[in-house]
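Trainee: Those protein sequence lines, which keep their order, are chains Z and F.
Residues 407 to 776 (this note's numbering) are what the first sequence spells out, left to right.
Residues 407 to 776 (this note's numbering) are what the second sequence spells out, left to right.
Think of the hints as simulated: they come from the structure by calculation, not from any bench.
Check each hint, because a few of them may be wrong.
Identical chains share a label here; the pair holds if one copy fits it or two copies do between them.
Said to hold, decoys possible - With a straight-line Cα cutoff of 27 Å, these simulated DSSO-like cross-link-like pairs (lysine-lysine) come out:
| # | residue 1 | residue 2 |
| --- | --- | --- |
| 1 | K586 | K566 |
| 2 | K510 | K525 |
| 3 | K510 | K533 |
| 4 | K465 | K510 |
| 5 | K566 | K773 |
| 6 | K525 | K465 |
| 7 | K426 | K465 |
| 8 | K773 | K586 |
| 9 | K773 | K657 |
| 10 | K465 | K533 |
Predicted model only: the values in this text are computed from it and were never measured.
Protein chains: 2
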Amino acid sequence: MKNRIVEEPKRRPVAERLRKLRISIAERELDALLVSQPENRRYLSGFTGSAGWLLISEKNAILATDFRYVEPARGESPAFEIVRTARELGDWFPGLVSDSGWHKLGFEANFVSYDSHHKLGEAMESKKVDLELVPTTNLVEQLRAIKEPEELDFITEAVKLADVAFEQARAAIRPGITEKEAAWTIERLLRQEGSETVPFEIIVASGPNAALPHARPTDRIIGPGEPVIIDMGARFNGYCSDLSRTLLLGKAGNTLEEIYDIVLSAQTTAIERVESGMDATQADRLARSIIEQAGYGDAFGHGLGHGVGLAVHESPTLGPGSSGSLADGMVFTVEPGIYLTGQGGVRIEDMVVLENGRARVLTGARKDSS
Amino acid sequence: MKNRIVEEPKRRPVAERLRKLRISIAERELDALLVSQPENRRYLSGFTGSAGWLLISEKNAILATDFRYVEPARGESPAFEIVRTARELGDWFPGLVSDSGWHKLGFEANFVSYDSHHKLGEAMESKKVDLELVPTTNLVEQLRAIKEPEELDFITEAVKLADVAFEQARAAIRPGITEKEAAWTIERLLRQEGSETVPFEIIVASGPNAALPHARPTDRIIGPGEPVIIDMGARFNGYCSDLSRTLLLGKAGNTLEEIYDIVLSAQTTAIERVESGMDATQADRLARSIIEQAGYGDAFGHGLGHGVGLAVHESPTLGPGSSGSLADGMVFTVEPGIYLTGQGGVRIEDMVVLENGRARVLTGARKDSS
Numbered sequence: 407m408k409n410r411i412v413e414e415p416k417r418r419p420v421a422e423r424l425r426k427l428r429i430s431i432a433e434r435e436l437d438a439l440l441v442s443q444p445e446n447r448r449y450l451s452g453f454t455g456s457a458g459w460l461l462i463s464e465k466n467a468i469l470a471t472d473f474r475y476v477e478p479a480r481g482e483s484p485a486f487e488i489v490r491t492a493r494e495l496g497d498w499f500p501g502l503v504s505d506s507g508w509h510k511l512g513f514e515a516n517f518v519s520y521d522s523h524h525k526l527g528e529a530m531e532s533k534k535v536d537l538e539l540v541p542t543t544n545l546v547e548q549l550r551a552i553k554e555p556e557e558l559d560f561i562t563e564a565v566k567l568a569d570v571a572f573e574q575a576r577a578a579i580r581p582g583i584t585e586k587e588a589a590w591t592i593e594r595l596l597r598q599e600g601s602e603t604v605p606f607e608i609i610v611a612s613g614p615n616a617a618l619p620h621a622r623p624t625d626r627i628i629g630p631g632e633p634v635i636i637d638m639g640a641r642f643n644g645y646c647s648d649l650s651r652t653l654l655l656g657k658a659g660n661t662l663e664e665i666y667d668i669v670l671s672a673q674t675t676a677i678e679r680v681e682s683g684m685d686a687t688q689a690d691r692l693a694r695s696i697i698e699q700a701g702y703g704d705a706f707g708h709g710l711g712h713g714v715g716l717a718v719h720e721s722p723t724l725g726p727g728s729s730g731s732l733a734d735g736m737v738f739t740v741e742p743g744i745y746l747t748g749q750g751g752v753r754i755e756d757m758v759v760l761e762n763g764r765a766r767v768l769t770g771a772r773k774d775s776s
Numbered sequence: 407m408k409n410r411i412v413e414e415p416k417r418r419p420v421a422e423r424l425r426k427l428r429i430s431i432a433e434r435e436l437d438a439l440l441v442s443q444p445e446n447r448r449y450l451s452g453f454t455g456s457a458g459w460l461l462i463s464e465k466n467a468i469l470a471t472d473f474r475y476v477e478p479a480r481g482e483s484p485a486f487e488i489v490r491t492a493r494e495l496g497d498w499f500p501g502l503v504s505d506s507g508w509h510k511l512g513f514e515a516n517f518v519s520y521d522s523h524h525k526l527g528e529a530m531e532s533k534k535v536d537l538e539l540v541p542t543t544n545l546v547e548q549l550r551a552i553k554e555p556e557e558l559d560f561i562t563e564a565v566k567l568a569d570v571a572f573e574q575a576r577a578a579i580r581p582g583i584t585e586k587e588a589a590w591t592i593e594r595l596l597r598q599e600g601s602e603t604v605p606f607e608i609i610v611a612s613g614p615n616a617a618l619p620h621a622r623p624t625d626r627i628i629g630p631g632e633p634v635i636i637d638m639g640a641r642f643n644g645y646c647s648d649l650s651r652t653l654l655l656g657k658a659g660n661t662l663e664e665i666y667d668i669v670l671s672a673q674t675t676a677i678e679r680v681e682s683g684m685d686a687t688q689a690d691r692l693a694r695s696i697i698e699q700a701g702y703g704d705a706f707g708h709g710l711g712h713g714v715g716l717a718v719h720e721s722p723t724l725g726p727g728s729s730g731s732l733a734d735g736m737v738f739t740v741e742p743g744i745y746l747t748g749q750g751g752v753r754i755e756d757m758v759v760l761e762n763g764r765a766r767v768l769t770g771a772r773k774d775s776s
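From just these sequences and the hints, can you work out the full model?
Mentor: In structure tokens:
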């Protein structure tokens with residue numbers, strides 16, 4: 407009995423995810439879907455290896471992977487039939503589908519390379535398999551956008567790890583150390599707190615570097631009175647967190663203090679007003695309109711936020727040109743920013759989950775700038 | 407004058423790399439090549455951002471990237487004209503090529519997704535640009551396979567960082583700690599020694615886990631008398647190193663000691679005998695034949711090695727089914743292994759460079775198993 411209890415939390419979500427995916431597959435009049443995007447693959451199967459293909463139809467759930475991962479796959483993906491691949495697609499793929507009776511096989515068009523698509527087609531042709539490859543997008547990503555309770559638990563844990571590490575690092579981020587030293591201090595704390603490999607390279611951007619939304623830590627020594635943007639995240643059971651704070655180290659000057667207040671106001675307003683059912687562009691407008699009214703519209707050059715889950719950037723995207731609307735169960739960042747070339751910048755980022763129509767803030771890190 | 411001296415080492419290789427690439431482009435009767443694979447992009451331009459396209463013709467060298475990276479790109483890629491992209495390909499790409507007079511544009515077929523290829527075609531069609539997209543592979547990768555002196559310096563530095571960290575970690579990898587703790591100790595040492603973000607997740611695989619060539623560190627406590635495979639690497643100026651050692655912690659038993667000696671003999675023999683001009687498959691045979699003769703042929707389930715540079719896995723590939731031959735200037739791993747399900751395994755990996763026809767070993771870490 408013990409075994410069953412241990413395994414159930416793994417198996418239940420997989421069965422439910424496959425059930426939902428099969429509805430999407432049928433709606434698109436496909437017979438099966440080929441999944442190779444790593445996070446999609448993990449989401450559907452539990453498989454964490456770096457290479458493999460899922461083949462999912464009404465009746466089948468197959469995981470094809472190479473010799474390195476066959477053994478681990480049996481443990482991670484009990485709901486899947488494990489097939490060992492050969493080096494060349496032509497040597498294993500046609501055999502898997504030749505007797506299926508399928509006519510249309512979907513593949514992930516924004517992940518599969520031009521070359522792999524070509525090789526899949528060639529492999530089937532060479533074995534006289536008559537199966538049409540149909541480009542699809544977002545079939546799995548749209549499922550991933552709505553988090554299950556277990557996923558939310560993992561994300562919450564990842565958020566806490568980042569909160570704790572940031573609080574500990576805060577005292578160390580002071581004039582006199584370099585951006586790289588500060589970033590490494592943060593990473594060490596994250597890992598010591600229990601984070602898996604961090605989901606993205608930590609940003610510590612000081613002074614004029616803080617004007618670059620995606621700066622990398624440099625050997626620049628952080629100076630007094632400078633803005634420092636910290637953008638960091640943890641990972642727990644594969645799930646990510648994402649946290650940005652801006653510190654103003656001492657008297658940073660009127661402009662920076664002003665934009666700090668504007669960004670904070672835009673951020674808290676967006677969190678208060680964002681709602682399930684709202685278009686993603688509308689959500690972006692909540693913050694953007696405040697920044698525009700303050701005269702800094704041109705200096706907010708990125709979207710308001712993005713979904714976070716197994717990937718640190720996933721659905722939904724909240725920006726000026728986004729499509730789709732928000733829904734309960736979505737987890738995303740709210741992170742407006744203002745960037746002034748040569749002077750610096752401010753970004754403040756929390757993670758939220760939509761529940762009962764409104765945003766509940768997951769992030770706990772303090773938002774004062776000192 | 408000082409500025410020129412600082413910038414020259416950056417500019418010289420870029421000019422020479424572009425010169426060589428332009429020869430390849432002309433040989434394939436292309437008018438230009440679109441490069442988006444991150445390491446290829448960095449190699450050709452110096453650009454380290456996470457998104458961007460290079461467009462290289464006889465006369466042009468353009469780097470198109472989004473608002474986040476326009477400023478950094480100007481500093482990193484002085485040989486390139488920097489163009490700011492819009493969100494949709496259709497909004498910026500056709501304009502770049504519409505007056506070019508080009509007929510054939512190569513793209514990286516094993517990197518560009520089916521969807522991006524489709525969108526590039528659509529974007530041009532919508533603007534009545536008559537430019538054929540031609541799939542290419544390996545145009546830049548084949549240049550990257552032969553290292554320049556400066557690249558070899560960076561790789562040598564990355565190798566040294568791994569050597570030093572391994573030597574320091576050696577004492578800590580003892581029965582009683584978990585694989586994860588050991589891996590984190592190694593990573594901490596690598597970073598403290600000056601490695602950039604490590605190029606791959608460090609492997610510490612103990613006991614039966616050592617039978618999995620690509621095991622991930624687990625919470626398993628390393629026991630006495632067990633084999634422990636450590637596979638780790640550092641990064642310096644973007645260039646990677648890759649080092650594997652196997653420790654036998656105490657009396658590991660006759661079989662493991664026997665396979666240790668076989669793997670070591672296969673590895674040192676391959677290093678002694680590998681030559682420029684040799685087929686990559688022949689190089690693999692050098693080690694594989696020894697392991698086969700010892701009766702463990704089936705237990706060496708991967709190739710002998712792989713090139714290392716800006717990517718930790720790049721050209722050349724040395725395996726049973728590889729194509730191409732080895733040449734002076736190539737840097738690659740020599741890493742035979744034997745894996746026995748349930749019992750454990752052994753892998754020993756050095757990095758070498760081919761010079762004057764023979765392999766010079768870059769790795770300095772000791773190869774004794776204790």
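Trainee: Each hint should be assessed against the structure and marked as holding or not.
Mentor: Right, here's what the structure says about each hint:
With identical chains, the CA atoms of K586 and K566 are at most 27 Å apart both within one copy (23 Å) and between copies (21 Å). Taking the shortest Cα distances, K510 and K525 sit within 27 Å of each other both inside one copy (17 Å) and across copies (22 Å). When the C-alpha separation of K510 and K533 is checked against a cutoff of 27 Å, the pair qualifies only within one copy, where the shortest distance is 17 Å, while the shortest distance between copies is 32 Å. In this assembly of identical chains, the alpha carbons of K465 and K510 lie at most 27 Å apart only when taken from the same copy (15 Å versus 45 Å across copies).
In the homo-oligomer, the alpha carbons of K566 and K773 lie at most 27 Å apart inside one protomer (15 Å), although the nearest pairing across protomers, at 42 Å, exceeds that limit. In the homo-oligomer, the alpha carbons of K525 and K465 lie at most 27 Å apart inside one protomer (26 Å), although the nearest pairing across protomers, at 34 Å, exceeds that limit. For the identical chains of this complex, K426 and K465 are intra-copy neighbours only, at 13 Å inside a copy versus 52 Å across copies, given an alpha-carbon limit of 27 Å. In this assembly of identical chains, K773 and K586 lie within 27 Å of each other by CA distance solely inside one copy; the values are 23 Å within and 33 Å between copies.
Within a single copy, K773 and K657 get their C-alpha atoms as close as 17 Å, which meets the 27 Å cut-off; across copies the closest is 56 Å, which misses it. Taking identical chains as interchangeable, the C-alpha atoms of K465 and K533 lie at most 27 Å apart only when both belong to the same chain, with a minimum of 23 Å there against 45 Å between chains.
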